[in-house]
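K.L.:
Which chain is which? The protein sequence lines are A and B, in order.
The numbering used here puts the first sequence at residues 267 to 568.
The numbering used here puts the second sequence at residues 45 to 333.
Be aware that a few hints might be false.
With a straight-line Cα cutoff of 20 angstroms, these simulated DMTMM-like cross-link-like pairs (lysine to aspartate or glutamate) come out [stated by the list, open to error]:
hint	chain 1	residue 1	chain 2	residue 2
1	B	Lys160	B	Glu219
2	B	Lys190	A	Glu460
3	A	Lys281	B	Glu227
Just so you know, the hints here were simulated from the structure itself, not pulled from any lab data.
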Amino acid sequence: MSKPEALLRSHAKIKGNIQSWLIMLPGLLLMTSFVWEPLFESIRMSLYKTRNVELVKFIGFSNFISVTGKDDFLQALANTFSYTFWSLLIGFALPVILAMLIGETTRGKSLFRTAVYLPNMLPGLAVIILWSAFFSGEKSGVLNILLSRLGVSAQSYLTRADWVIPIIILIATWKGAGATALIYMAGMASISPELYEAAAIDGATVWHRIIHILLPAIRKLAGTLLILQIISVFQIMYEPMVLTKGGPDNASLSLMQLMWQYAFGGSMNYGKASAVAVIVTLILLVMTAIYSYFNRKESDWD
Amino acid sequence: MKKILRTGVIREYDMHSPSVKAGYGFIIILCCLMVVLAVFPLVWVTLAGFKNLKEFVSSTSIIPQSFSLEPFTTTWSQLGIARNYLNSLISVVGSVLCALVFNGLLGYGIGILKPKGHSIVKKLVLLSLLMPPTISIVPLFMNIQKLHLGNSFVPLWLSFGANAMYVILFVQFFETLPASIIEASRIDGCSQLQTFFNIVLPLSKPICAVISIFAVNAAWSDFLLPYLVLRGADKQTVMVRLFVFSTEQTVNADAMMRSVVFAMIPPIILFFIFQKQLTENAVSVGIKG
């Protein structure tokens, strides 16, 4: 290649690169202003005393100290872990079971798939309001109507501190389990039926086939979905906000809800709100790191 | 009748065993029960909408006394829901356009053009998938205030132009397009932007459809940022209206149930039209890339 030609080529290449970056620029600007910058701004704001949208004074970790020193923070932290616990207890195995059940059906499979996915499409806010009428403590609450048929007298559900978190998780599971089940179904569909056939010829019962073929095949997927579920339930916010306003007596107050209260609950304390947001982010980062550490170890064994 | 093959753990010859056959029957019953559980709350809330307030708070029957549509039409006009529907429509259309254009162009850069340094952008986008969106809602709201974009749909539209998941979906799809077609268009003298609009986008109809459906639903259902941004009553979307109802309790319980029905009708219609695309793509969207 002669020298001028090479020069021309590299010129064209640079021009192409610049054009490409210009094409990506609008998207990059939006990602920066809506995702990346707010994240750093969040960290910066948590270190400042704020008045309205102004950063007034750098105050180090004072926001963190003042936020974590309050009783409602400890309560919200404990509640958030309680949400996570109940979500794993109620919501982790259920999609696997749903996927297994639907996977076995022949006729009507697409109907079952569609029905199980339907709640996921509904607006989360509408779902919460709908279920609030379901769990209403009045005689006209749907659950009370149904239970009265069985001779059980009307109960109040959302005012009981020990019931409120499991009920919120039940509602979230009703909405989300079907979508997760479809993901498991896709994972299970990649298992070759010949594997089951071969095992059956060797005398493996249906139960054996589930334990030794199906469950091991989805183990990795289950690990990924587990961490995604933890990350998502840890940010639970509008569900308790709408259903119980965090009550009774802060029994369902979540960390993100506490953040919302600091920012938009009247006091407009954006600095303290950001401190809570940063704490939640840190906890999530630690959990993700632990997950990827174990995940890496597992891949080494494979 | 076409024979449907079994794809599950239970094989055809297992069905000779009576216990497996009984178990299979049990599975079908459980699946039907699941359908009932998924659909019953929707049926109930619609039925509850037919009740007037007195009946709603006192009746212990799920079936309403009359099936006149009058309560629905009254609530619709009294609360002026038509205005909210229009606002939701404006918000949804702009959001979908932004989702397609901005994420599409960014995905085009990462997946096809691949200029020097694009891999950093790809990594950043992948990382932001892990970042929970609600965490940055405070600074985001402050930015919108500083730019004096409050009470406008523009920030809501633009927020859909910055969706890491949509970018990744575009990139994954673009990477499957044959490089020869894009090369050919370049040799024919098309600029990079022309190639995108004339070649890449027409080939990408399936992924554009999927992203549009999910963006429509997400834009319709979103209420936290819209609630903060759209403070004026004239700009409230259906979901913002519903959220305001739920915080202020100025609305009667029966009208509230009808508002819930109004809020659910468009997603349900969307669902029944596109159920195939939705259930097939729930996997890629659900697992986020």
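K.L.:
Check the hint pairing Lys190 (chain B) with Glu460 (chain A) against an upper bound of 20 angstroms on the C-alpha distance.
P.N.:
Judged against 20 angstroms, a Cα distance of about 62 angstroms means the pair is violated.
K.L.:
Lys281 (chain A) and Glu227 (chain B): Cα distance at most 20 angstroms?
P.N.:
holds, 17 angstroms
K.L.:
For Lys160 (chain B) and Glu219 (chain B), compute the direct alpha-carbon distance and say whether it is at most 20 angstroms.
P.N.:
Distance of about 17 angstroms is within 20 angstroms: holds.
Checked against the numbered hints given earlier, this structure breaks only hint 2.
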